[in-house]
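4 protein chains.
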Amino acid sequence: MLSFASDYTEGAHPKVLEHLLKRNLVTLPGYGLDPDTEAAKAKIRAEIGRDDLQICFLTGGTQTNRIAVSSMLRSYEGVVCADTGHVAVHESGAIEHSGHKVLALPHRDGKLEAATLAAFMDAYLADATCEHMVRPGMVYISHPTELGTLYTKAELTALSDTCRRYGLPLYLDGARLGYGLMSPASDMDIRDIAALTDLFYIGGTKVGALCGEALVFTRGNMPPHFMAIIKQQGALLAKTRVVSQQFDALFTDGLYWDIGRHAIREAMRLKEMFLKKGCALYADSPTNQQFFVMTNARIERLRKDVAFETWARLDEDRAAVRFVTSWATTDEQIDALEKLL
Amino acid sequence: MLSFASDYTEGAHPKVLEHLLKRNLVTLPGYGLDPDTEAAKAKIRAEIGRDDLQICFLTGGTQTNRIAVSSMLRSYEGVVCADTGHVAVHESGAIEHSGHKVLALPHRDGKLEAATLAAFMDAYLADATCEHMVRPGMVYISHPTELGTLYTKAELTALSDTCRRYGLPLYLDGARLGYGLMSPASDMDIRDIAALTDLFYIGGTKVGALCGEALVFTRGNMPPHFMAIIKQQGALLAKTRVVSQQFDALFTDGLYWDIGRHAIREAMRLKEMFLKKGCALYADSPTNQQFFVMTNARIERLRKDVAFETWARLDEDRAAVRFVTSWATTDEQIDALEKLL
Amino acid sequence: MLSFASDYTEGAHPKVLEHLLKRNLVTLPGYGLDPDTEAAKAKIRAEIGRDDLQICFLTGGTQTNRIAVSSMLRSYEGVVCADTGHVAVHESGAIEHSGHKVLALPHRDGKLEAATLAAFMDAYLADATCEHMVRPGMVYISHPTELGTLYTKAELTALSDTCRRYGLPLYLDGARLGYGLMSPASDMDIRDIAALTDLFYIGGTKVGALCGEALVFTRGNMPPHFMAIIKQQGALLAKTRVVSQQFDALFTDGLYWDIGRHAIREAMRLKEMFLKKGCALYADSPTNQQFFVMTNARIERLRKDVAFETWARLDEDRAAVRFVTSWATTDEQIDALEKLL
Amino acid sequence: MLSFASDYTEGAHPKVLEHLLKRNLVTLPGYGLDPDTEAAKAKIRAEIGRDDLQICFLTGGTQTNRIAVSSMLRSYEGVVCADTGHVAVHESGAIEHSGHKVLALPHRDGKLEAATLAAFMDAYLADATCEHMVRPGMVYISHPTELGTLYTKAELTALSDTCRRYGLPLYLDGARLGYGLMSPASDMDIRDIAALTDLFYIGGTKVGALCGEALVFTRGNMPPHFMAIIKQQGALLAKTRVVSQQFDALFTDGLYWDIGRHAIREAMRLKEMFLKKGCALYADSPTNQQFFVMTNARIERLRKDVAFETWARLDEDRAAVRFVTSWATTDEQIDALEKLL
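Residue numbers (the numbering used here), protein chains in the order written: chain A, 1 to 341; chain B, 1 to 341; chain C, 1 to 341; chain D, 1 to 341.
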């Protein structure tokens, strides 16, 4: 059975596990106060070329989003995002459970546009009843988006400028950041991401780690007593090393970027192949998630041999489907898929 | 200065204050365990003709909505409503602050239609990722709606049936219930409301009381230890009598309905008058809130002598405005307004 | 039936109701933005002799405590108090429901001593694991306390100094402030209270109002967007006038203090009477709550004609009981009680 | 540098890592819906001899406690525990952050006694104001306790019976369960634990895993939609396999118990050694945490070569210290420590 169901269906990239194994018996203090965690932070800071970044290692995307958002907002504030945003749709209400409204705005190709945000803010501020409404307190975007698309540097700069104009911290969910930045379509690197956002996370779970995300505060803006914040939300690992050592490996010798490049190359082969077979694109993604339009009949036939997700029903006969590549995808798998199409 | 700004701009209907005064020096136990509170409940039960109703007196609409919703839902559930719903827009995120998502669906004339709800539920249940989404746990509607409109009995029956089919309790926000049920356009009475909903509240604040709403559970479904629930949310008055005595007065000799009828009559005069003067309707409301389209120039001119709300900007030149009548509106005020138009 | 059960068993002081009546038909904007609310604030500011005080009117004590505490604390902070404190015992977990721990320390006569607080803070700060513990974020006291006792000016000054040394805002629950400050045992006035605390509330519900408390911020420290905070907790009255007009009356011609003096005089008569009858004091209270030790037999006998609270069981035969006076207590009631003893 | 600081200072037991490595490249669905997670549950069920157990894998102790407690309680309920309990002291207020009070009662050797619980419940139920107090909703104990002590079967049976009498689910925090059950002082096995509690967790993090705990519901009492509950609290791993595969290894060929036995043997050697050297016991622990009384001078001297925790200051000259063994402790380390004493 072939699987293109997601980028979290295998364990860790072998080099990541290797590093865990190598450091396994070293005695280290707990709760992120260990030298290995410091080493991992140092590698990320070096990669971005800034030693002022504040970094925290967490175990998963929803956890990271929940903590980032709830620790940045006051009780009466909400987080603005595209209505396709992960926090708006697929986190079982984690943001609301933390007490905050998700203010979902119309997206364009999965992206929140600067103009959409500005119009929303202007309307909010002009509303005489605005004290009775949820105050927009920060902005959430994902990059790549849930549709695999990427902000251009111009788009992200415009959004970042708009955020600053309205006093809104900009938070970027980089669950698949490695895949995004290694796309040929990307005109940004991780330094741009750090420069244009107030906080963002570097996704590990979907990019070669067993588990783990690195949350980065870029303006000295990590809330005070952040350790207590993550502890009380149940997110502080006694052995934080488990996550930080994996990030050490991912940011050694460019492994994180190698993983990204590999998955993108496989994704581009896959895309080409589907187009050649006459499948229409549902979204034009330059990253490791690919979306196609398929007839129900073809979907049913293909499911016998391949795992993949149905993204959305389009009409009685057709649906949008998603195929995802990762560090673990092989040329052989793409070849095998080709034969099945 | 004339005011049609809202239905909460005066104190209480004189008969309500009179009753407070009459009972003022009677010694009563606190926290709603007093005979006056029992008497008020008995009057409401008699009005509805059912002695199985569980009733609780609270001080305001947002408080009542917050408590009703958060006490009925499990942590992972959200409340479905029209996107014009008060809980979705004008409660400073009270529902989200209590941990729950507001699942806002497209409205029609401020109403949530049974078909809209059914389509939403079907899509939710068919979604393979539904465990990662907020589970719809109840339905909120307002009657009259925020646009002054009314559900017909057929519409409410269809919605109620749909709710039951999907296992969703139906909650009706009756902040202006008295005005709604006394509209000539209404084909329901309060017995229908109790029969077709699982819980609802009878609005006092906007219908003649100083403050207060009566939350009614219609299926023996008041959550256990409800006194502790309202206490911990800061909503339990030591002197619950303050609210219950007002409801006693409102439900004595049909005062609540007299108030409703009076305001509706004034509203209909007002509506006719505006139409005669060539103002277009923004929404066709049969209740005490009336919405018109006006030019900015006319709005500015009128504001010098009359208080009213700008509801929404329509374009560069025009806006929707709201005029509200209440138990306190007089024929003289309507006459005076006519002269100003 | 005589009642000394509590100070909230009647409605409002007649002058308070009279003022409500007088202002009843005046048209005013909602949500505390009305001139009557401004007038009430002005009277309180004048009483305290400071025009920089920020004031907010709420409906009850638990609501006020919940909002004061939760709006001043960060998520990982708790509120320190005596273990007899109302927030620790009798609010159905309202503080915890808002997300914060109540850090209860041993009391002395219902009071939190400066030395107890200092020792607790020193131990906390010296603890190597303090990041894993709840951070003390503010201090709560009640004055009079739950046992009717009073802080001396020296004691409150010491506590206030200790709070400042550790960076802890000091919050005073003045549910019965009028009774406390009019006790002959009090060496403070309301100006001292404002000077020595960071925030406090002036109790209305138990001191002559139908309902309502005035929360006062003394250092320009009202959290921003406080209206949204109280709205989202369900505590914003559309007709805030209902509470503020009552405070206007209470702070006109010294009514609030007259009420206090009257109740204290009756309480002292009652205390003397009980002592003369050989009842031991359970707590030596100089305010309107009086605590005695009684045999169960006597309690049972008395209950036939008098309402009062059993405070605590002491042993198989005896219990502590509480008798409370208020603005509504009359000489005749005390006389009648005397005959029953 | 020797370390007896805690049982979480190394990575994973080699056999655990080995199993992760072996299963690393197997393609599996996410979110705990994979066969490897099923396999781990099956092994735990087999170990306990009951196929009706509901099991969920989480990443850490505080997370597990927070989720177990908040998912079992209604909003107005609190969790009862010994005042030494981890949830009461060392979780940065995670329980309160989830909305619930921790009702801490006096402990005996770190244990909550059945008689203490019964007396507390009787007093609560007899209190006329109990609706204004936090309702006890469940009981939390740790086994071994924070002081390394163990409940006897008779004690746990009494506590369990008391819980049932009052309708309180009993929850056991087994962060160090493997060490506890392998102590010669234990007269219970894991089947007894399952029989006498309503839910408990089997600790992985401190007993050989990189991270992870197995939460077990013993009465078919897992709250519905538990996946959504853990997702919204940020605790659902995309790759749940990371934890479940580790538990598979721990419950293969008795590894979990071997780890326990080994650490206990080393702890007993260590205890004997300290006693021989004249150190008094601070607590008489039969498990892998050992507590001694030491002079400050000796502590300071020892700290140059050994990592260990100061547990509590006793007086000016002496403190209680904690030494912890684990699966990773070697005979050589104990020998080396002996030389330093």
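Quick caveat, the hints were computed from the structure, so don't treat them as lab data. Just so you know, not all the hints are guaranteed correct.
Stated by the list, open to error - Residues from chain A that face chain B, not an exhaustive set, calculated with beta carbons under 7 Å:
#: 1; residue: Y76
#: 2; residue: H90
#: 3; residue: S92
#: 4; residue: G93
#: 5; residue: E96
#: 6; residue: H97
#: 7; residue: G99
#: 8; residue: H100
#: 9; residue: L105
#: 10; residue: R219
#: 11; residue: N221
Said to hold, decoys possible - Once the Cα atoms are required to be at most 20 Å apart in a straight line, the calculated PhoX-like pairs of lysine-lysine come out as:
#: 12; chain 1: B; residue 1: K15; chain 2: C; residue 2: K339
#: 13; chain 1: C; residue 1: K339; chain 2: C; residue 2: K304
#: 14; chain 1: C; residue 1: K15; chain 2: B; residue 2: K22
As the list claims (entries may be wrong) - To list a few chain C residues with every Cβ distance to chain D over 12 Å, as calculated:
#: 15; residue: Q54
#: 16; residue: I95
#: 17; residue: A118
#: 18; residue: K271
Virtual Cβ for every residue (Gly too), placed ideally from N, Cα, C.
Self-check item: Residue hint H90 (chain A), partner chain B, criterion CB-CB below 7 Å
Solution: 5 Å, holds
Does G93 (chain A) pass the interface hint, meaning its C-beta sits closer than 7 Å to a C-beta of chain B? The hint holds - G93 (chain A) has a Cβ within 7 Å of chain B, the shortest such distance being about 4 Å.
- Message: Please check whether the beta-carbon of A118 (chain C) is more than 12 Å away from every beta-carbon in chain D.
- Response: It holds; A118 (chain C) is separated from chain D by about 16 Å at its closest Cβ, greater than 12 Å.
(message) Between the alpha carbons of K15 (chain C) and K22 (chain B), is the straight-line distance 20 Å or under?
(response) Answer holds: K15 (chain C) to K22 (chain B) is near 14 Å, not above 20 Å.
Within a Cα-Cα threshold of 20 Å, do K15 (chain B) and K339 (chain C) meet the stated pairing?
Roughly 40 Å between the alpha carbons, so the hint for K15 (chain B) and K339 (chain C) is violated.
Task: Restraint satisfaction for Y76 (chain A) [CB to CB of chain B, less than 7 Å] - done: 6 Å, holds
- Message: A closest beta-carbon separation below 7 Å is what the hint needs, so does R219 (chain A) meet it against chain B?
- Response: Since chain B brings no Cβ nearer than about 26 Å to R219 (chain A), farther than 7 Å, the hint is violated.
Can we keep the H97 (chain A) interface hint, with Cβ of chain B closer than 7 Å?
Hint holds; H97 (chain A) Cβ to chain B Cβ min 5 Å, cut 7 Å.
Worksheet item: Is the Cβ of Q54 (chain C) more than 12 Å away from each Cβ in chain D?
Response: Non-interface label stands for Q54 (chain C): nearest chain D Cβ at 28 Å, farther than 12 Å.
Interface restraint verdict for N221 (chain A) against chain B (beta-carbon cut-off 7 Å): 23 Å, violated
Review point. Does H100 (chain A) meet its interface restraint, that is, does its C-beta lie within less than 7 Å of any C-beta in chain B?
Key: 6 Å, holds
ask   = Is the hint on L105 (chain A) kept, meaning its closest Cβ partner in chain B is under 7 Å away?
value = 13 Å, violated
When the structure is compared with the earlier hints, violations turn up for hints 9, 10, 11, 12, 16 and for no others.
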